[in-house]
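Protein chains in written order, with our numbering: chain A, 772 to 1132; chain B, 772 to 1132; chain C, 772 to 1132; chain D, 772 to 1132.
Source of the hints: derived by calculation from the structure; they are not laboratory data.
Treat the numbers as computed from the prediction; the structure is a model and nothing was measured.
Please note that the accuracy of each hint is not assured.
The list treats identical chains as interchangeable, and a pair is accepted whether it falls inside one copy or across any two copies.
Cut-off 20 Å, straight-line C-alpha distance, at most; resulting in silico cross-link-like pairs (SDA-like, lysine to any residue) [claimed, not checked]:
id, residue 1, residue 2
1, 846, 888
2, 922, 868
3, 814, 1087
4, 1078, 973
4 protein chains.
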Amino acid sequence: MAGNTFGQLFKITTFGESHGRAIGVVIDGCPAGLAVNEEYIHKELERRKPGQSAISTQRKEDDFPVILSGVFEGKSTGAPICIVIENKDQRSQDYANLKDVYRPSHADFTYQEKFGLRDYRGGGRASARETAARVAAGAVAKQFLEHYNIKITAFVSQVGTHRLYKSYKELDFEKIEDNPVRCPDAEMAEKMQAAIEEARKDGDSLGGVVTCIIQGVPTGLGEPVFDKLHAVLGHAILSINAVKGFETGSGFDAAAMRGSEHNDVFVTEEDKTRTLTNHSGGIQGGISNGEDIVFKTAFKPPATIAKAQQTINNKGNKTTVEGKGRHDPCVVPRAVPIIEAMAALVIADFVLLARGNRIGA
Amino acid sequence: MAGNTFGQLFKITTFGESHGRAIGVVIDGCPAGLAVNEEYIHKELERRKPGQSAISTQRKEDDFPVILSGVFEGKSTGAPICIVIENKDQRSQDYANLKDVYRPSHADFTYQEKFGLRDYRGGGRASARETAARVAAGAVAKQFLEHYNIKITAFVSQVGTHRLYKSYKELDFEKIEDNPVRCPDAEMAEKMQAAIEEARKDGDSLGGVVTCIIQGVPTGLGEPVFDKLHAVLGHAILSINAVKGFETGSGFDAAAMRGSEHNDVFVTEEDKTRTLTNHSGGIQGGISNGEDIVFKTAFKPPATIAKAQQTINNKGNKTTVEGKGRHDPCVVPRAVPIIEAMAALVIADFVLLARGNRIGA
Amino acid sequence: MAGNTFGQLFKITTFGESHGRAIGVVIDGCPAGLAVNEEYIHKELERRKPGQSAISTQRKEDDFPVILSGVFEGKSTGAPICIVIENKDQRSQDYANLKDVYRPSHADFTYQEKFGLRDYRGGGRASARETAARVAAGAVAKQFLEHYNIKITAFVSQVGTHRLYKSYKELDFEKIEDNPVRCPDAEMAEKMQAAIEEARKDGDSLGGVVTCIIQGVPTGLGEPVFDKLHAVLGHAILSINAVKGFETGSGFDAAAMRGSEHNDVFVTEEDKTRTLTNHSGGIQGGISNGEDIVFKTAFKPPATIAKAQQTINNKGNKTTVEGKGRHDPCVVPRAVPIIEAMAALVIADFVLLARGNRIGA
Amino acid sequence: MAGNTFGQLFKITTFGESHGRAIGVVIDGCPAGLAVNEEYIHKELERRKPGQSAISTQRKEDDFPVILSGVFEGKSTGAPICIVIENKDQRSQDYANLKDVYRPSHADFTYQEKFGLRDYRGGGRASARETAARVAAGAVAKQFLEHYNIKITAFVSQVGTHRLYKSYKELDFEKIEDNPVRCPDAEMAEKMQAAIEEARKDGDSLGGVVTCIIQGVPTGLGEPVFDKLHAVLGHAILSINAVKGFETGSGFDAAAMRGSEHNDVFVTEEDKTRTLTNHSGGIQGGISNGEDIVFKTAFKPPATIAKAQQTINNKGNKTTVEGKGRHDPCVVPRAVPIIEAMAALVIADFVLLARGNRIGA
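Only chain A is shown next, with the shape it has when bound in the complex (with noise of 0.2 Å):
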């Protein structure tokens, strides 16, 4: 397996499985000088964690995260920063009965097929637990971003067929954490809460969409042509489980426009050079343009459910599964602290690419 490396300049390795001894990531190349804030880490993984309200799982992670390395007398030295993260709820009794069936639109088949063996407790690796690791990194970057009043904020615009059309300028980003939903429009949060609730009743789950502004971002970062800020932002986040779709700005809305209103204007605005409209997204070119960066990431709904499913086992039998234990009838909510690190980690990246951009720089 290769893959598990992000980042040129600001470059994380994840590792571990879901039910081995413990996750974790080396984070190489963040500056030092950078007060490292163990606490925030930790809350950024609060966030993540599941558990935290009746409609996301129930089980309890004390995702607790230890830095091994690369801070010293709490700033970064420079040097790798390790952060580990013990498994304490493993039970992997759960899941023996897993070992030989390969759960629909799970990643028990691929694994089989690519490694010709398999970490079959709990999804291993292929575990959205793996995403825990994600968010401690990007803690650390968000913090690094702090330094350049870079801010970043997701929040869920959908769940199931309940949609949020609002801007989100009509919205006020310091609602969001006020419901279980993460959604700043309390309206819209409780038909959300709803239909998850009523998905769960069921036993089945719900696909979602996550949005994110990045606000503060300078111009002139994201590199031409393969590495445009976007694709590599697109790259992170189609990398996080569940994602089937990324856009940005006007996204796929752009296909049924034309040219003359899809244009953003640039204006002079108090000797800033701006646009009058954001189709692009705050990126032309693929590099950052000053406006708000804006994207959209979709979900799919969880593919472990309650009720039973028709699947296969390892022989080519025919089997049924059905989900035992606690697990989250939609995702989305838990993903919003997700999508902000990968964010955060791209972001970071770029910030460092971007010291190379000129001579003189």
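Once you have looked at the hints, place chains B, C and D on chain A.
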């Protein structure tokens, strides 16, 4: 600038500006012994080039690929393959008037901000001409994939508001090249063509969507976690000029679905493990499962339009700009071979990476 | 700080400071299905650790490797393998006096200049303790190479002015571990040992040379141009603390030779292409030719000595420093497993890279 | 084949075979705004090219660099800079006789083994002609380093058994180009020249050593652990054709030294931290300390000699081979600009990497 290299083992580096001497690509990592057909590369470039029909730009670019290295007696030697395409129709005088102007939704402003200077001739490095180098490299990747019976087919499934709702399984791929919009449904193709003509008459432009199907992919391609097959595909595709969105399998529609309807049930068919539906789009846990890989790409309408538009120049003063010369009112038909090329490069890379899956391989 | 990752396909990332909580390594890219013997890793760490004999440092480091991930039921799963080694004997008080002092020929000054701060405890990230993580990873690589019957053997060929001129073919590798200097020639080993004892008594230290032989390497490993087999080996080896020189085959002696004596004549032996001599050191044009790979590494004398030395502190004022505690007067014997580990990692990486040599593979 | 790319931020990719259409290089990551002097690149290529004097090969290669991209109105734009050099004097007929023969100590056999086929014309990709692309790229890097007042100077310090023992501080670098061997000591240069002439008359060849000094390097370049400054330098230098050894500072001599004599004492000079001696070769803990960087490179005698040599062909049958045409009896003088080029590329890369050292940068 970084980011002109893509891929890990089947790796490309592109170079060249729209109105410089030449554009080109270096392919490093193509295995030795591949019969490289120069004529095939040329044909693929012909599919991409402007001026193919009344509905695309009338510029004539004679894109003839010259292989400078890496091929000996018709076969790849294992050495880097450099393919160069001369820029013939330069007409830099067409662009002198744009030297100081920031065209709306172009990369003029962001390049200037990032680099402190820019090659303003025809968009320089930000021009879509850069994609010719990708198509040349993709043509080599496609020849490599023929050895594995992997076939990549893209077609236009939406232009403006005209959207083809049929499944790709109802379509005859042989008909894609029958019309200039590259939509295999003749009736829909006519509507799309009419819409493009209308936009042209209005001095305007149109967006659209390209659907791509990859057939014959073996199980086991893609790397878990950050380099999931669809994440790297997304990176590749989102890096193409004018792309605003990317989705695989059920895509954004998944958000509104329930797990019980979205999950792909495993069955055994002729001793092979298959799925009854393919909402996963051929990829589960980031790894190919042997089903067709399906993805869609949204393109915004081209920023260059004949209509006069308000903007500012590099001194911050208001001015207007209008597209002179010949420009595509809709790039989507020409995007078809570009999408295929990027998909081929990604799959070729993963085919090589998969050689490291197991100890015994 | 970057540069904590090494390798392309069999890739390691190390972390940890001398007196932090732990040091460790993440191996990404180890093929699935490898039987990973934890005990073997421990044994290799034992070979590296200080306090093995009277001639090396008396500190007792209980280097017990804990595998956090990537191994399930005794086999590599394809997921990243994280191995952590706790730091037990921390004694940071030993180092408080060095907080403001730049020890001669240590990394204190350069770390301070680069990062603006430093973890001064025992050298922090610059400590040779970091090499324990390399040895742990190398032990996994060695187990991988066993599948290919590739064997890596290093031994001490020079300590101070005592140099072994015999060819490695005259030596019995079984005798390397018979003495604490790890020189397979008993007579020379005694002289070396005496020299080290003498240096210790003088409160001084000694340099030396390690010779390494890699047997059983198939033809075709190594990548032409920048990643020639010996160039990447050189990179790996020169990155080990205290290394000042690296040579392959004839090495620096080649400078004084004529082509007619240096060229290795090809012959056919038992249907195999062999060379009569091996000045090439098993590598021609950067690619293995099937002969033994031979290289030598020069180590400087350790910078820490018991004798008082003049230096300055971080305010630029004169002071003196003397090595307290227990330090190796000669690191070369302990460098033997480190050299082997780095060589194993390089060869493992090239074995995987070579899977991409040809179209038919 | 992989491995045709070198560097992380100031990154080059080379391509081309000895007798193909052209060789060239793509530089990706050169900051925008650098004045790129084409004439300077040409001059550096002139220093490398054969046929400069009676003692080197008499082939005339008209190495004229053509910049295809990345430079606009004399300045780097941030886009990749592609430089191509046409192959004019191809004479492939000279090489047809070598089609099936494995020349001793050449790469014929290993390329054939690795790739299953080879471009036998003049060594193909394994030819030293490939280094012209490095020199062209290095010339751009040197122009970049001028902004930092970093100066790289190499000279010949040994040819065959004639070795210059003087310190570089006793030499006048202005005299390096005064004689065809590029040794700044006139007396020694004469001896070296005579030795080369003698080898030529004997139909034989000679090895040698190049010393390189990098002056003006700021503190803080180089990355701890795997990408130590001298480790990456070693990688770069060992990748040059015919190199057998690399050492920095005290090099192999360090093995015979004691710590008390090897350690470089820190002192304060004019408010700067300096060292009294420089056995460290300007690098401590892998990071530059502000002193001159000093390294030496050993070259083997060229494998091609006029004398008849025994070898085998690709069927395993005995045959003889003798160098026809015009070949260098000693490549060391021409290696001087190649060494400088690779050193410049490494330092340029580390200058950019160092921009990420600290949070405040």
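Consistency of the hints with the structure:
| no. | hint | result |
| --- | --- | --- |
| 1 | 846 with 888 | between (41 Å within a copy, 9 Å between copies) |
| 2 | 922 with 868 | neither (44 Å within a copy, 38 Å between copies) |
| 3 | 814 with 1087 | neither (44 Å within a copy, 43 Å between copies) |
| 4 | 1078 with 973 | within (8 Å within a copy, 55 Å between copies) |
When the structure is compared with the earlier hints, violations turn up for hints 2 and 3 and for no others.
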